[in-house]
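*Asks:* Model the full assembly from the supplied sequences, consistent with the hints where possible.
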Amino acid sequence: MNMDYCVYVCICFWGKNMLNITKENIIPYLKEHMPDFEDDGSVTISQVGDGSPEEDGDGYVNYIFRIHTDKGNYVLKQGQELARTGLDPMAMYRNGLEYDSMRIRYAIVPEYTPFLKFQDKENNLFVMEDVSDLRIVRFQFNKNRMFPELGRQCGECMAKTEFYTSEYFLSREEYRQLQAKFANTEMRRVMEDGAFMDIFNTEVERGLGEDYNNFAKGIMYDHRFETERFKLRRSFMSHADGLIHADLHTSNIFASEDAMKVIDMEFSFMGPFGYDLGYLTGNILSQYCAACFKPFPSEAERREFKAYLLATIKNLFETYFKTFTACWNKDAKERYQGAGGLCRSILDEVMRDAPGYASIVNWFRCTGEIEYPDFEVIENLEDKKHAQTLSLMIDWQLMFQRYQYLSVDDLIDTVLFVEEEYRKML
Numbered sequence: 019m020n021m022d023y024c025v026y027v028c029i030c031f032w033g034k035n036m037l038n039i040t041k042e043n044i045i046p047y048l049k050e051h052m053p054d055f056e057d058d059g060s061v062t063i064s065q066v067g068d069g070s071p072e073e074d075g076d077g078y079v080n081y082i083f084r085i086h087t088d089k090g091n092y093v094l095k096q097g098q099e100l101a102r103t104g105l106d107p108m109a110m111y112r113n114g115l116e117y118d119s120m121r122i123r124y125a126i127v128p129e130y131t132p133f134l135k136f137q138d139k140e141n142n143l144f145v146m147e148d149v150s151d152l153r154i155v156r157f158q159f160n161k162n163r164m165f166p167e168l169g170r171q172c173g174e175c176m177a178k179t180e181f182y183t184s185e186y187f188l189s190r191e192e193y194r195q196l197q198a199k200f201a202n203t204e205m206r207r208v209m210e211d212g213a214f215m216d217i218f219n220t221e222v223e224r225g226l227g228e229d230y231n232n233f234a235k236g237i238m239y240d241h242r243f244e245t246e247r248f249k250l251r252r253s254f255m256s257h258a259d260g261l262i263h264a265d266l267h268t269s270n271i272f273a274s275e276d277a278m279k280v281i282d283m284e285f286s287f288m289g290p291f292g293y294d295l296g297y298l299t300g301n302i303l304s305q306y307c308a309a310c311f312k313p314f315p316s317e318a319e320r321r322e323f324k325a326y327l328l329a330t331i332k333n334l335f336e337t338y339f340k341t342f343t344a345c346w347n348k349d350a351k352e353r354y355q356g357a358g359g360l361c362r363s364i365l366d367e368v369m370r371d372a373p374g375y376a377s378i379v380n381w382f383r384c385t386g387e388i389e390y391p392d393f394e395v396i397e398n399l400e401d402k403k404h405a406q407t408l409s410l411m412i413d414w415q416l417m418f419q420r421y422q423y424l425s426v427d428d429l430i431d432t433v434l435f436v437e438e439e440y441r442k443m444l
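The sequence shown begins at 19 in our numbering and counts up by one.
Treat the hints with care, since some could be wrong.
Claimed, not checked - Calculated lysine to aspartate or glutamate pairs in the DMTMM-like style (CA-CA distance at most 20 Å, straight line): (1) LYS340 to GLU319; (2) LYS161 to ASP401; (3) LYS351 to GLU191; (4) LYS89 to GLU147; (5) LYS442 to ASP401; (6) LYS199 to GLU140; (7) LYS178 to GLU56; (8) LYS139 to GLU99; (9) LYS324 to ASP401; (10) LYS332 to ASP428; (11) LYS89 to ASP58; (12) LYS135 to ASP118; (13) LYS324 to ASP240; (14) LYS135 to GLU204; (15) LYS89 to GLU56; (16) LYS139 to ASP68; (17) LYS49 to ASP88; (18) LYS41 to ASP57; (19) LYS41 to ASP68; (20) LYS340 to ASP427; (21) LYS135 to ASP151; (22) LYS41 to ASP118; (23) LYS178 to GLU129; (24) LYS403 to ASP427; (25) LYS340 to ASP428; (26) LYS89 to GLU191; (27) LYS324 to GLU275; (28) LYS324 to GLU336; (29) LYS49 to ASP148.
The set of hints was computed from the structure by calculation and includes no laboratory data.
*Replies:* Have a look at this one:
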């Protein structure tokens with residue numbers, strides 16, 4: 019049976035009597051469903067998509083509203099029958115799955131997860147705290163803003179979430195229940211097919227000239243690179259190690275100097291340790307390549323920001339490894355206590371695979387149909403071409419050099435080496 023048809027039938031059945039939230043009916047809805055909601059003072063309602071990307075982030079799929087009152091600020095997120103910016107049918111269960119993922123994460127890392135107010139299963143929505151007092155990391159990076167704690171915070175968030183949802187901590191029954199609940203077949207297909215396969219079968223055309231297109235195609239159709247990405251896809255599809263975010267890019271992270279919150283968890287599923295680590299690393303590497311060529315007020319500021327990005331990657335990996343090991347030593351099931359060699363083996367695998375995942379995610383930022391703000395901030399086409407070509411060269415080296423990596427320092431050495439070699443060609 020055609021899977022798209024199945025999704026369509028599910029949508030029609032699920033969404034039949036659903037109330038579609040709008041700016042006009044949201045206040046009566048909240049007054050009915052949220053007893054502590056008060057609108058007797060100033061109330062401001064905005065919908066994600068009405069503002070600038072810097073304020074709203076991506077927000078292409080769901081209907082998201084911000085409600086600001088004198089007593090509190092909230093976000094209502096609803097999944098409707100069709101994506102907000104298109105006509106593609108979407109899996110309706112995604113909203114409830116995201117709520118459950120956030121609930122689990124809040125129990126493990128409340129400091130990095132928005133507080134949930136309530137869920138309305140019938141209308142496929144939930145309400146949570148508004149974290150817009152923080153800033154979307156991607157657009158702050160585009161302004162060269164630095165968050166000194168970001169690497170540590172993200173590494174700790176990933177490691178704790180993944181360990182405490184793994185079989186090394188949970189009972190067999192709890193672990194299997196999570197596997198069943200977070201199969202997330204429809205949403206993860208976007209990554210399984212889109213990121214690992216489809217993007218490598220599309221025509222490269224980014225307006226950067228024939229030389230760039232041919233260079234990208236040379237990597238795209240190389241059978242050695244193809245073999246490596248299929249090996250990573252196999253791990254992505256078959257390793258149900260722990261609960262991962264699966265779409266942890268810098269538009270899904272809000273931060274300040276000392277705080278960080280992660281949002282948008284509808285892609286969550288039980289996946290491989292280190293996938294989120296690699297995914298976020300790929301996003302930071304995109305920013306690094308852009309920083310090599312985009313305008314800066316001074317070369318000193320360029321050097322400072324580039325050094326910060328590499329330091330963030332280093333802190334991200336080292337915190338992940340340190341935190342995962344500490345959780346293992348403290349809370350691994352008795353049968354695993356003392357099996358430090360097993361923990362080390364797991365982290366060795368993460369050190370091998372995460373750079374490969376970074377290579378994949380970095381790739382589709384340079385060749386896919388969607389234009390990413392990381393590179394779009396560069397107005398000069400020649401400089402943009404250099405930034406994206408450097409990114410692809412780093413992708414190639416990461417994919418093959420990762421088998422020799424003993425620590426994140428080796429990954430950083432690869433980035434610096436490729437940049438140095440590329441500059442010699444200019």
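*Asks:* Hey, LYS135 versus ASP118, does the alpha-carbon distance stay inside 20 Å?
*Replies:* Within the cut-off at roughly 13 Å; holds.
*Asks:* Hey, LYS135 versus ASP151, does the alpha-carbon distance stay inside 20 Å?
*Replies:* Within the cut-off at roughly 18 Å; holds.
*Asks:* Straight-line Cα separation of LYS49 and ASP88 no greater than 20 Å?
*Replies:* Roughly 15 Å separates the two Cα atoms, so the pair holds.
*Asks:* Given the proposed pairing of LYS41 with ASP57, does the C-alpha separation stay at or below 20 Å?
*Replies:* Answer holds: LYS41 to ASP57 is near 14 Å, not above 20 Å.
*Asks:* LYS89 and GLU191: Cα distance at most 20 Å?
*Replies:* violated (42 Å)
*Asks:* Has the given pair, LYS178 with GLU56, been kept, meaning a C-alpha gap of at most 20 Å?
*Replies:* violated (36 Å)
*Asks:* Quickly compare the C-alpha distance for LYS324 and GLU275 to 20 Å and report which way the hint goes.
*Replies:* Distance of about 18 Å is within 20 Å: holds.
*Asks:* For the pair supplied as a hint, LYS178 and GLU129, confirm whether the alpha-carbon distance does not exceed 20 Å.
*Replies:* holds (12 Å)
*Asks:* Quick one, are LYS340 and GLU319 close enough, alpha carbons at most 20 Å?
*Replies:* Measuring from Cα to Cα gives roughly 31 Å; hence the hint is violated.
*Asks:* For a C-alpha distance cap of 20 Å, please report whether LYS161 and ASP401 respect it.
*Replies:* Judged against 20 Å, a Cα distance of about 17 Å means the pair holds.
*Asks:* Has the given pair, LYS442 with ASP401, been kept, meaning a C-alpha gap of at most 20 Å?
*Replies:* With Cα atoms ~15 Å apart, LYS442 and ASP401 stay inside 20 Å; holds.
*Asks:* Do the alpha carbons of LYS89 and ASP58 lie within 20 Å of each other, as the hint requires?
*Replies:* holds (10 Å)
Hints 1, 7, 13, 14, 16, 22, 24, 26 from the earlier list are contradicted by this structure; the remaining hints agree with it.
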